[in-house]
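Work from the hints to combine the two standalone chains into their complex.
Residues per chain are reported as follows:
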Amino acid sequence: MAIDSDGAGSAPAAALRWVALIGRTTLGMATEVGAITHFASRGLYAAVTPRWFPRQILRQLAAIGFLSLPVVGLTAWFTGAALALNIYSGGDRLNAEQFMPQVVALGITRELGPVLAALMLAGRVSAAIASEIGAMRATEQIDAMVTLSTDPFRYLIGPRLLAAIIALPLLTLVADIIGIAGGWQVGIHLLGISPATYIINTTTFLSAWDVESGLVKAAVFGFIVGLMGCYHGMNATGGARGVGRATTQAVVSAAILILAADYLLTTLFTRL
Amino acid sequence: MNEGVTGSAEGPAKLEWRGVYKRFARAPVLAGLDLAVAPGRSLVLIGGSGQGKSVTLKIALGLMQPDAGQVLLDGVEVTALSEGARRRMFSGIGMLFQGAALFDSLTIWENVAFRLIHADGVARGEARERAVAALQLVRLGPDVAQLYPGEMSGGMQKRVGLARAIVGQPDILFFDEPTTGLDPITAAAINELIVDKVRSLGCTAVSITHDLASARTIADEVAMLHQGSIVWRGPVGELDTTDNPYVRQFVSGSSQGPIDANV
Chain A
1 MAIDSDGAGS APAAALRWVA LIGRTTLGMA TEVGAITHFA SRGLYAAVTP RWFPRQILRQ
61 LAAIGFLSLP VVGLTAWFTG AALALNIYSG GDRLNAEQFM PQVVALGITR ELGPVLAALM
121 LAGRVSAAIA SEIGAMRATE QIDAMVTLST DPFRYLIGPR LLAAIIALPL LTLVADIIGI
181 AGGWQVGIHL LGISPATYII NTTTFLSAWD VESGLVKAAV FGFIVGLMGC YHGMNATGGA
241 RGVGRATTQA VVSAAILILA ADYLLTTLFT RL
Chain B
1 MNEGVTGSAE GPAKLEWRGV YKRFARAPVL AGLDLAVAPG RSLVLIGGSG QGKSVTLKIA
61 LGLMQPDAGQ VLLDGVEVTA LSEGARRRMF SGIGMLFQGA ALFDSLTIWE NVAFRLIHAD
121 GVARGEARER AVAALQLVRL GPDVAQLYPG EMSGGMQKRV GLARAIVGQP DILFFDEPTT
181 GLDPITAAAI NELIVDKVRS LGCTAVSITH DLASARTIAD EVAMLHQGSI VWRGPVGELD
241 TTDNPYVRQF VSGSSQGPID ANV
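Top to bottom, those sequences are chains A and B. Read in order, the letters of the first sequence are residues 1 to 272 in the numbering used here. Read in order, the letters of the second sequence are residues 1 to 263 in the numbering used here.
Chain B with its partners taken away, still in its complex shape (with noise of 0.2 angstroms):
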């Protein structure tokens, strides 16, 4: 393994995860994970599948606890937090999930204002206001406001999902392999989404994706994790041209090489 890879931002970090352990019954799954993120950068994780992507995500959205570690945002570690001091930390995170995860029982619209209306108190008016000017900016028209999650396409939901992370103007946001199961137009329609708005709001981002395409669209770095450490880290340019041989064979595909092939 390549040992001695931080995955280390230059200055300051906006998120931090530091040495960071986690382990599900007898497998371990983060075995010191050390890497940072600068404000305003994108950020795109890449790795095979089990070798901890979702894990680092959710211990930084505090869905998860590590067993050892520390995760700062803005220099705060959050992981010693309460619940509700960490609800309230985290109200400048969007998050965008692999399945959109939208709440099934409510509107396109209640959907997309869900924080603004439960966590920020915001009135069910201007919040339906804001949310359509929301989907909006992810090119939905205000006749989807009424419709139901169920009555959308896989791509349209993931735009709602995108809506929903944006409306509060975070200054950080997350994605959960966004393109996953969408078809390459519909895929790099949604990876130019991303892009547009993070620049636009001029936000941190950090993306997990198996998606290469994906990633050398919405990337500023690319980090590649592998037995729960970072094994590279460099410029979006040099996916292509590292020699790092884990980026290597996961970059071609091959079968042949460092990382065996889970199957």
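Here chain A stands alone, though its shape is the one from the complex (with noise of 0.2 angstroms):
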């Protein structure tokens, strides 16, 4: 494009920048999109059809769901003391403290529960998968898994997946009992509730759907971790640089997707 001495011409040159710019971010982010599709699908097909590799999926239901019961206990507990003392000073203004197990128990099922364990294993497990699958493709690790006629995804993708799907629900239950506790201490304790009316007022409050679509939420955002930690970990670049960018960037996306899918979930199931 021509551009003129009094720089008319420039205006339109820095508005097709501009363009260029947005066309290519477009085109990069449906690239990504695509290739994560593509990934959690081929995961998932491993995941759920033979030959399946049962020492792996153990080993990784070890790693994932059993080792992270102590960090996930912990922040579910800390998390259902802090919510019973701000609902109560909260209600307290509407002299509506006595609703405090009620929302106590509403809050960390269906919301604090799932998604709190889950970053809690953003950071833990896709940090972790992230990094030793990262690794792995570093060190030729995979390119030898390969050549030994076995599937990466069969043997490392699969297992890692399945154990997430399976792990994170059990450990937001956990979380669940743990943070109700945590609250029926603080109330007991702290706020002078009798333990009958605390535990009474939970239990006949609570419905058995606030808590299977919590472990609804759970099994999605297992999904979730498991996915960024192994997708970043496969495509991770550039040696030991490459793997602490694989890491950061599972971490990131998982929580980031987390929250959202949590969004749409609760939007779905309120209006289920």
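No lab work stands behind these hints, which were simulated from the structure alone. Every value quoted in this text rests on a predicted model; they were computed, and no experiment measured them. The beta carbon of each residue, even a glycine, is placed where N, CA and C say it ideally should be. Do not rely on the hints blindly, as some may be mistaken.
Said to hold, decoys possible - Chain A residues, not near chain B, derived (Cβ > 10 angstroms throughout):
no.: 1; residue: S10
no.: 2; residue: G34
no.: 3; residue: V146
no.: 4; residue: G244
Stated by the list, open to error - Computed, partial: chain A to chain B, Cβ under 10 angstroms:
no.: 5; residue: E111
no.: 6; residue: I142
no.: 7; residue: T147
no.: 8; residue: T150
no.: 9; residue: V252
The following block contains the structure:
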């Protein structure tokens, strides 16, 4: 394009540059979404169809599920306790403090249990998966696996996805119980609510769907946690720096996707 | 460049690269590579850094797809096969990686027996026995079977990598820089093991190396790769006598000649 001396041609050129930038960004995002979707379908297919590697699945269940119990339990207890205090003091303004046990139970089972357990796993498990698989990629261990006639999707990705999908609902169930227990302890010991009243208020109000919807959310979040760790690990390039980058990307993308999926699922569940 | 050198094997080839092209971003790496290896022969591919040696190997192993051209194993084009079909077809292949590429989370015997357990469906007890036997072939005792790769030296890891490559009785073996990073004595031991195992198994071998001492020991034939194609190929005995300017410069290590120093 000709640019005249007073610069009249520079505005369209600048606009074109912006259009090109937007186009490049859109194409890049579409490519990434396509790549993740393709990876996710391959991984899920490997997870749900034989041949399975039971030792790998058990090993991942232990690493993702069992070893995450302390961090998820502590998070749930403190959240339940803090939630109880906040709801009690907030409800006091409306003379509604007696509803604290019900609101704690609802908040934990429907929202905070699955979301906080998933965010803890995003930090602990997505990062661990991405760094382990990324290091395996960097040291040619994944190439070696292929030359040993073993599909990395079946041996590495499928078991991790399966383990994360199974483990997170179980961890969420534990988080629900511990979170409500945290609220119960605060209610009994700090706020003077009688134990019987607290338990009756919680159990009579809480429905099975409150817990179940949280567990469904947790299964979806588990898939996201496993997928982001595996995807970024498998696509790590550039040695140690690349592995570090993949780890960060896995944690950040898993956390964002968990919160986005939480909103979508909550919207869906409230309309059911 | 020495045009017209095709790197053909006499007679039917065990493995053949036919007109293989590969480029990364703007840079061509392989430019119509033609190379073939006859059954039971040991071919060593030499060449400077960045000339496409590793890419040549990775394309043959199906770890990378060529932009154009074919790779034929026993006359069957493998580049067009699905991943699953290629994995099955490659069950007769063994590969020793540059850094050994042992699985950190598995013990030594589980590394060696990996193919037996996970691809061939051999029971763990029998796989362990065969792994220990393979370790003995590379002069490692049964006491190392329970160790993890991180507890071994680089030379020992290479031996384990070699045991893993040969445990399935392959008919073709690949070696990627088998002696890189090893002291001369350990390197010589690895070279001897490679020659011994390739001959005793009667298999075809393709190696890439910068190490000319290693090439002289393990090769029947040597081919030189430069700018993505073969510029010389001949028996290992002619490596030091050929008048090919590329080979002469590479062997002498001179910075003067047709190859630009890659610094």
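Each hint tested on the structure:
1. A cut-off of 10 angstroms between C-beta atoms confirms that S10 (chain A) is not in contact with chain B; the least separation is 29 angstroms.
2. In this structure G34 (chain A) is separated from chain B by more than 10 angstroms, as the shortest Cβ-Cβ distance comes to about 18 angstroms.
3. With a least CB separation of 6 angstroms from chain B, V146 (chain A) falls inside the 10 angstroms interface cut-off, contrary to its annotation.
4. No Cβ of chain B comes within 10 angstroms of the Cβ of G244 (chain A); the nearest lies about 18 angstroms off, and the non-interface call holds.
5. Taken as an interface hint, E111 (chain A) does not check out: its beta carbon lies about 36 angstroms from the nearest beta carbon of chain B, beyond 10 angstroms.
6. A least Cβ separation of about 9 angstroms between I142 (chain A) and chain B falls short of the 10 angstroms threshold, and the interface hint therefore holds.
7. Evaluation of the T147 (chain A) hint against chain B yields a held restraint, the C-beta minimum of about 4 angstroms falling below 10 angstroms.
8. Given the 10 angstroms rule on beta carbons, the hint for T150 (chain A) holds: about 5 angstroms separates it from the nearest Cβ of chain B.
9. Interface restraint check for V252 (chain A): the shortest CB-CB distance to chain B comes to about 26 angstroms, outside 10 angstroms, so the restraint is violated.
Of the numbered hints given earlier, the model fails hints 3, 5, 9; all others are met.
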